[in-house]
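Undergrad: These are the residues of each chain, in order.
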Amino acid sequence: MVLFAGIMIYAASDLPYRGDPDNLMHAEESITGTTVMGNYFIKNAYRDARTPNMVTVVLGDYRSIDTFGEQVVIYTAGLITLLVLRRSRRRSE
Amino acid sequence: MIWELELVIYLFLAVSAIVALEVRDLLVAVVMMTVFSFLMALLFVAMGAIDVGFTEAVIGAGVTGILFVLVVFQTSRKSND
Amino acid sequence: MIESHLPAYIALTFVLFSVLIPAFGLWRSELSQPLAVIGSGIAAAFSVYGFLSYLNDGALRYFFGGWEPPVGIEFVYDGLSGFFVMVINVVAFFVLIHSHHIGKREFPGKEMPYYALAMLMMLGFNGMILTGDLFNLYVFLEIASLSGYALIAIGEKPAPYAAFRYLIIGTAGGTLYLLGVGFMYTVTGTLNIIDMAAMLPELYANNAVFAALILMIVGIGVKAALFPMHGWLPDSYTYAASSSSALIAPIGTKVAAYILFRIILWLFGIEITDAVAPITTIIGIFAAIGILYGSIMAIAQSELKRMLAYSSISQIGYIIMGLSLANPWGFAGAMLHVLNHAVMKACLFMISGQMRLKEGHSDITKFDDSYRKKYPWTMAAFTIAAISMIGLPPLAGFFSKWYLVLGTIDNSNWLFLAVILISSLLNAVYFFRILEKVYMRNPFKGQKEASDATRDESPLSMMIPTGILAIGLIVIGFANAVIVSVLLGIYPL
Amino acid sequence: MRDQFQSPIVLLGARLLSPYIMVFGWYVIFHGHYSPGGGFQGGALLAASLLLIRVAGGSKLAELQIQEFATTPLAVIGVVIYFATGLVAMIMGGYFLDYAQLPIPGMEADWLRYTGILIIEVGIGLAVMAILVMIYDNMARGEDYG
Amino acid sequence: MGDFFMGHYAYWFTIILLCIGLYGILFKKNLIKKTIGLAILQISVVLYFVSVASKTGDATVTVIDANFPVDQVANYLNPLPHTLMLTAIVVGVATLGVAFTLLIAIYNRFNTLDEKELIDKFQ
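Chains as they are written, first to last, in numbering that gives the first Met the number 0: chain A, 0 to 92; chain B, 0 to 80; chain C, 0 to 492; chain D, 0 to 145; chain E, 0 to 122.
Where hints are given, some of them may not hold.
Derived list of chain A stretches under chain C, where covered just means 3 residues or more per stretch with a C-beta under 8 Å from a C-beta of chain C [to be verified]:
no.	region
1	34 to 46
2	49 to 60
3	78 to 85
Across the chosen pairs, the derived CB separations fall in these ranges [to be verified]:
no.	chain 1	residue 1	chain 2	residue 2	range
4	B	Val14	A	Gly5	20 to 28 Å
5	C	Leu30	E	Lys28	39 to 47 Å
6	C	Ile37	D	Glu107	35 to 43 Å
7	E	Ala65	C	Glu67	24 to 32 Å
8	A	Gly5	C	Ser484	42 to 50 Å
9	D	Glu107	B	Val22	55 to 63 Å
Distance condition first, Cα-Cα at most 20 Å in a straight line; then the derived SDA-like pairs of lysine to any residue [what the hints assert, rightly or not]:
no.	chain 1	residue 1	chain 2	residue 2
10	A	Lys42	E	Thr111
11	E	Lys115	B	Asn79
12	E	Lys115	E	Cys18
13	B	Lys77	B	Ile65
14	C	Lys103	C	Val47
15	B	Lys77	E	Lys115
16	B	Lys77	E	Asn107
17	C	Lys357	C	Met378
18	E	Lys120	B	Leu4
19	E	Lys27	B	Val22
20	E	Lys27	E	Thr111
21	C	Lys372	C	Ile284
22	E	Lys28	B	Ile65
23	C	Lys357	C	Thr453
24	E	Lys115	B	Thr74
25	C	Lys365	C	Gly466
26	B	Lys77	E	Glu114
27	E	Lys27	B	Asn79
28	C	Lys373	C	Arg355
29	A	Lys42	C	Trp66
30	E	Lys120	C	Glu155
31	E	Lys28	B	Ile17
32	C	Lys372	C	His360
33	A	Lys42	D	Asp109
34	C	Lys365	C	Arg355
35	E	Lys115	B	Ile65
36	A	Lys42	C	Val70
37	C	Lys372	C	Ala299
38	E	Lys28	B	Leu26
39	C	Lys103	C	Phe23
40	C	Lys372	C	Pro327
Rather than coming from a laboratory, the hints here were simulated on the basis of the structure.
Beta carbons: idealized from backbone N, C-alpha and C, even for Gly.
Model the full structure from these sequences, guided by the hints.
TA: Here it is, written out as structure tokens:
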């Protein structure tokens, strides 16, 4: 655990300043020239889906397979309670 | 980003997390866990993530709290550490 | 048309059947198992077809929602993912056929959620392999591991406790992985693997990247049962129902190993991985310790399933060792060993399930030579799989170890070479112990004579999958040159 | 939950509060485009309104509201809504979950996406509600082992 | 130095919370305590993601307002980590549900939730 704390502090010492708008994740263009996701979403969310809430657009459209997986996770959890705790009564018995 | 507010919430978060882990009565631990979730939701809103704060308040503090209480009632309430 | 949608079809088949099974299962519970077999059969057919068309046409990228990769999420169907998807789907198909009678005996009345969760677990594993997005990988990882915990929790009396320990360790690992993804996202600003791999050479001096690498390796290593993080595995595999352990043992750790391959070789690349500290060497040393530890612990066990579980720890060590060698021969050996070990372990766990069905136990000390008369075909399949596990030619297990040995010689890494040879001897010790009990005359007095026993073979629905996998081992052994030539084409450097 | 003594005041409060939470849950689902919220939060609120009655009034009263065997089909329906939306888009010639390909006449691509997001949010809401209630029910009845 | 502190104090507190959660997982013997530690660990990771999404200056929440043009991205917070964390929270709840299910099953069979007693009952 001390090791874990050490690694974390080591990592945090080199993370970019929090909230710095010049951060790479907030930048206009990445160092290899591809689109940066965060800004693309801010600029195009309303144009693409006519929805003011960007989080909803990202959740429901751009990264919809994530959301689908999330729904499947919840569905899995429900089935697990069914599997571990319940035993269906057979009619034949 | 009101950093004084955030600092206060951080301190409360740490305290409630330690209390939730150290207290012997599990029901108290569960209540402290709910307090932890709610403070966390407050912190998310203070950081501007209203969606995440809303979700954390509803799911983390609400539904998880109910399920935690249910588990404590279904099993034992005492803890040895 | 069908080729361009293939990655999505493979995953969506499992979603479709995981929804269909509850829909039909509420009405007639006994339909669940055939539906699961059909679902995994379709997916296996898709994945075999996909791998063949990959050999002709090359890699394929599938954009969900029609958004281009840095913005949207993609599925990448290249050689490595195609190979893994093919292996796990085909093995799962046979295991699900085999589970018909086990299901009736070990978890009666729970078929519907059981097979739905088996489908969901396969969805998770396929998604983990195919996805090209780090956060999406986390989501699929959680699907697969949640259903894995549930499948383990079904079984003997201590099974839920074993599953709970796995849950705590596995979820902590998943959370550490997510933290690693967070570091990577903060530094690079993207989540797509291909996009990120292009950026990393300019950022490799960053501390956060190094910490993210360690967090990811630890998080995934928990799932892969890499040596110091293997504590959950023996209990889980021993207490779980036989069909669960037959389904999870060949597939689960392999998929985690795949993620390690993907992260180290494709995302970071060897140079960046070793830039700050010699990560690959450290992983290799842990893998070597794991190989020896697993083999020695397996000798000490008297329960067949627990012995196989420890043997799994040792075999996953071979695969990770092939990764740490980081040369084409080691890579090919590791890939071939993924295929072999999936088939061998599935075969062996299926046989232990048959023993539990017929005898009511799988305790090695109670094995005697009457088994040879009672279950001739089962024991023949067991012999083939065991010999292949030890690594005698011309069976499949020999060739993967051979290529690993070539890899160590190529790196002139004599320590690993010695480890591979020693562990082969240890493997021989613990498998020949069983073979001796079954085929030699029993030295104890008062035991049943072999001639007394009548033939009492397992049902056909169990015998056919086991037999096919055992024959498959021989075929892989003879066809190894072809497979390796394909695998060498996948190697990224 | 084990037999606790029942307090009429708590039950009255829960019964008074529950419909409003439910209405708010539906509002959150359908208004997720314009304000924070969406399928998960709305579904969790719906589930909370049902769980409130279950906690306060015990399982007998709750059976009147939504019966236990109904939760699994509801969950399946929720997943199917999402899955079918994606599949229809795929059959119409797009990628999976490409809402711009949905076969609704007279709509531009952006409004189609708007509609598609709404459909899947309803699916998510249903599934989350049904499953949280299902988890509670199964846990409250304990395990029938042995 | 003050600049460095302002840029990093959120990370340090997140690390403290992560360590508290990890301590609960590793050293607590009661299984419900372990579950609480797991929940703390998960929520702390969410906190990390949310704190890196923030921007200094007058950036507002992620709902588009006509007063703030979307052309200037500094007007809005980064929506992507928020979205990811919605998913992660729900995944965390699903994990906790499964953990509770297993806890009830364990208590039903062994009548205890203490790790030492459980290991004693195995032998």
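Undergrad: Which constraints among the numbered hints does this structure fail? Numbers only, ascending.
TA: Violated hints (numbers, rising): 2, 10, 12, 14, 18, 21, 22, 25, 35, 37, 40; every other hint is consistent with the structure.
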